[in-house]
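Please build the complete structure, drawing on both the sequences and the hints.
Sequential numbering from 9 applies to the sequence shown in the numbering used here.
Each hint should be verified, as a subset may be incorrect.
[Said to hold, decoys possible] Taking lysine-lysine pairs in the DSS-like style, the calculated list, with each CA pair at most 27 Å apart, reads: (1) LYS328 x LYS42; (2) LYS43 x LYS131; (3) LYS60 x LYS131; (4) LYS43 x LYS296; (5) LYS131 x LYS42; (6) LYS328 x LYS43; (7) LYS328 x LYS296; (8) LYS42 x LYS440.
Honestly, the hints are just simulated from the structure, not real lab data. Treat the numbers as computed from the prediction; the structure is a model and nothing was measured.
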Amino acid sequence: MISLRYLLIVSILMPLLFTVMASSVAADPPPSPKKEFRSIWVTTAWGLDWPKTTSRSGQQSSLIRILDQMAGQNMNAIVFQASARGDAYYPSERLPWAYNLTGTPGNDPGWDPLQFLIEEARKRGLEVHAWFNAFAVAYDSHNDAPATAAIPNVRFSNSGWMESQGWMNPGIPEAREWQVANVMELVENYDIDAIHFDRIRYASGGYTRDNSLMAEHNPEGMSTLADWRRWNVTEFVRMVHEGIQEVRPTVRIGVTPLGHYDAGSTDGWGAGYGYSSVWQDSRYWAEKGYIDYIAPQIYWDIGTTTPPRFAYIVNDWVEKRRNDRFIYVGIAAYQPYVSSELDAQIDSTRALGADGQLYFRNDNVANRNFSGRYDQQAIVPPMPWRSMSEPNPVRNLVADVTGSQVTLDWEEPTPGRGETDPLFRYLVYRAKVSEVISDQLIIDNPAHIVALTGERTFVDDPEAGDSGEDYVYYVAALSRNNVEGDFVKTELSVVPTDAGHLVAEQFELLQNFPNPFNPATNITFTIPVTSHVTLEIFDVAGRRVATLVNESHSPGSHTVTWDASDVASGVYLYRLQAGDFRQTRSMMLMK
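Structure follows, in structure tokens:
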């Protein structure tokens, strides 16, 4: 039996433990991980982050600025509020247009903000998590589309579902079904990475008619009002999960509950529990596999010995996670007492084993550099309960060098077996040849990542030094679940910009490297003038196997990667033609 003396000692030491932990991680920050969720909530309600104008061009340019800002901060996802208060920032047959797109609720802005966002985010390698307020569905003001609108706000079309201050009652089955259908419309029509739920709960205190609703709608025979309320919210989550599994199972589900799960998880804090104050049981949703991640709103500072304390609550969520679901820590960047210690909060989340950070909200971190915590790029951690199949390597990697500027181009991988809805992002690594002890050491070190992108072109300006430098570049594909595939690499030399004329003095086809090879090899050629270039592969019988290049190239050194996975072992010939110049060499594929 645990003695009273033991409990007394623990009660005294635990606050000191978390105080020491918080201060030590700030003084000696953990290393930047290669896999970490980094994101920002972009709030559209009241136009807090976006939109701040009713001009279409102004709205689009400000979205671009936000995405460029996030990419520049090495974020890897955007959580965009697609439905703030029972409205939509995309064309919907079920929800009215949001008021702040045009100044009038329900009016069509003439473009699709969500689709625009998805396309631009993809270019920058950012995931898109569509943020949906589940049960706060009206402003309860003139911002709601009126009863006369083509699609009125739900408080006019179904007023019997509503409570005060724009909340909809989860205890009404038809209300839950209506909101599930709204979510499914978005999921079916947009290639998002995740749906992200806020306000997925009751308003604090519940509603006065809940007893009568429980008597009318209680299919599970719940005996207490609290259990019945939790069941209603859980039933909504279950229905969304099952619906997504049917129509687009690659879409993840995330939730952002209150920061305190329940009284036993609060470090002595006396109110505001997700489980018992607003009847959201996010840990149960994780246990049942209904959701993929939890982003608890841990909106407090690190503190000293007075609760609530940030590190204590983060640790509680991490230690008590269920079903291995990920914990992304919601951080209150809008609070001055939190904003002043963001660096220490990042360090705490890493030291305590959380899977990432999520900041509320964009305007509060738009100009932050996070004191070097995000200087190295990171990828969203793959979720082991989802497909862990590695994507195939990228195809036909081509490197063009002009002076000190390097341009890489590649083609997307061949979809894997059974992969019917592929989506690829790409990681580009760079290292000096002199630094390479092994390829895997380079790939494992996020300091070598120079791009996370959805494009298939990357332009780089590495340091050339006084006399030139040899570099190796690696390109690897990421699956929808952020599983990294095998890399394809190319080696090249750059020279100082003022020595650009030294790049190529003659036409030349160099010996491939490596040789022999399996399954990929690099072929480099140089041309002194702009020329139409063809580079073709033949077998020893003279049959053309592949055409790697058939286009105009600028003067310089160019490297092409041939992936021979689909041909048999043997000797192959590769031939370069550039203007009147021709040269042929041989190489050996050994599988």
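Legend entry - Violated hints, by number in ascending order, as checked against the structure: Hints that this structure does not satisfy do not exist here, as all of them hold.
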